[in-house]
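Residue numbers (my numbering), protein chains in the order written: chain E, 89 to 317; chain U, 89 to 317.
Simulated from the structure, these hints should not be mistaken for lab results.
Keep in mind that a hint or two might mislead.
For chains that are exact copies, the list does not tell them apart, and a pair is met inside one copy or across any two.
[Said to hold, decoys possible] For lysine-lysine, the following DSBU-like pairs were computed, each having C-alpha atoms within a straight-line distance of at most 30 angstroms: (1) K121 - K175; (2) K302 - K274; (3) K274 - K121; (4) K302 - K175; (5) K227 - K177; (6) K181 - K121; (7) K177 - K302; (8) K274 - K212; (9) K274 - K177; (10) K175 - K274; (11) K212 - K121; (12) K302 - K227; (13) K181 - K274; (14) K302 - K212; (15) K181 - K302; (16) K212 - K227.
2 protein chains.
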Amino acid sequence: MLNPNDESVIHSWNQNAQAWIATIENEEIESRKVVTNGAIIDAILSYSPNSILDVGCGEGWLTRELNLRGIEVTGIDGVAVLVENAKAKGGGKFLVLPYEDITTTSFANNRFDAVVCNFSLLGKGSVDNLVNLIPSLLKNNRLLFIQTLHPVTTCNQQPYIDGWRQEFWTGLNSQFPEVTPWYFRKLETWVNLLNSAGFSILECREPIHPQQQKPASIIFVAQYNRIIT
Amino acid sequence: MLNPNDESVIHSWNQNAQAWIATIENEEIESRKVVTNGAIIDAILSYSPNSILDVGCGEGWLTRELNLRGIEVTGIDGVAVLVENAKAKGGGKFLVLPYEDITTTSFANNRFDAVVCNFSLLGKGSVDNLVNLIPSLLKNNRLLFIQTLHPVTTCNQQPYIDGWRQEFWTGLNSQFPEVTPWYFRKLETWVNLLNSAGFSILECREPIHPQQQKPASIIFVAQYNRIIT
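Turn these sequences into a full structure, and let the hints steer you where they fit.
Structure (structure tokens):
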């Protein structure tokens, strides 16, 4: 593996794009099929946004699902192969847009009721920057949905400290050419990142895997611009 | 053990009061000595409240520590033996006041900048009621500090589901006559309880045990009455 950093995250996704597309098409990640896909859709629908930006949309499954439910959805991703695949499948607007190229004016004429990041916040500095930029992409409901790995079930035997971890993609049918680095954040760090970007946490959901009886993920529902009275 | 419920929590503390006093005086709970006592004091001091209500003060160590730092502190507890011991030690105002006897007018003429619950929210309905009452005890800064067991380190092999658990008090020198029931809450449940009571979570701290490298607790710092703009 390359040194784990924000660049090698992108590098690995470019290398793994075809394997990822096959894995999602074949519904090979059991926790997604059984728990987390439904959980993020339910969370979003319970707030009834009219428009949403799917950040890190990959091959576009969530964009399509939300589009089917009448929401105006745009999916963006930094990996061109994934976005091409999403466009070929249709069912939403898709753009190649790496996180580092998003600016406060990227969607100036077309802001969204909500932004969703579904297991797509894997970097370190790139994620900190992105979360701080998200308010500029929002209007009206000002909602941010983040689904990410749950510390209870991902920390395991390792120290509970922010830092780079590795995804080896074991147990899947497709051959992933690259190990994927991802940056583990403590709950404290997620909460502080959201607060420092001006978000208040409205809700936190912990979808439980029905067999394992452990959280398959954590979902933060946050709202921008509450004012302290 | 009696059936685990809000009444048996109180029953066990009445039975265990002397053992608890000895355990705290001898600093036998290592995680308190090494991590969590300092963590709750640091969290409170970083917000500079002038007055504070220590709910579930026990034999009063935290009340005394905050009093020493110039904060006007009142400690309350439902267990008379613990409060008598706290009064004998001095260093703060102490009252016997069971959670179920707290009302919106209990401190009507003397509300507090902050309330702290340090490992003292062990019941089920009694805790839900208490958290919803706390806003009526607050003025000014409107802060609530809760330190409690961290799900990462307390769930272990058990299902990650809200429910009654048992503390057997093993590994301590004093003989505890009763097993103590306590009600495990998921993070989701804590966050939703705070939000539904009108609190916004300002911060979440996860004090790490220096040897185990795991969270020794979770601290929620919440503020009442933010208004959505």
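- Run the structure past the numbered hints and jot down the numbers of the failing ones, going up. 4, 7, 9, 10, 12, 13 and 15
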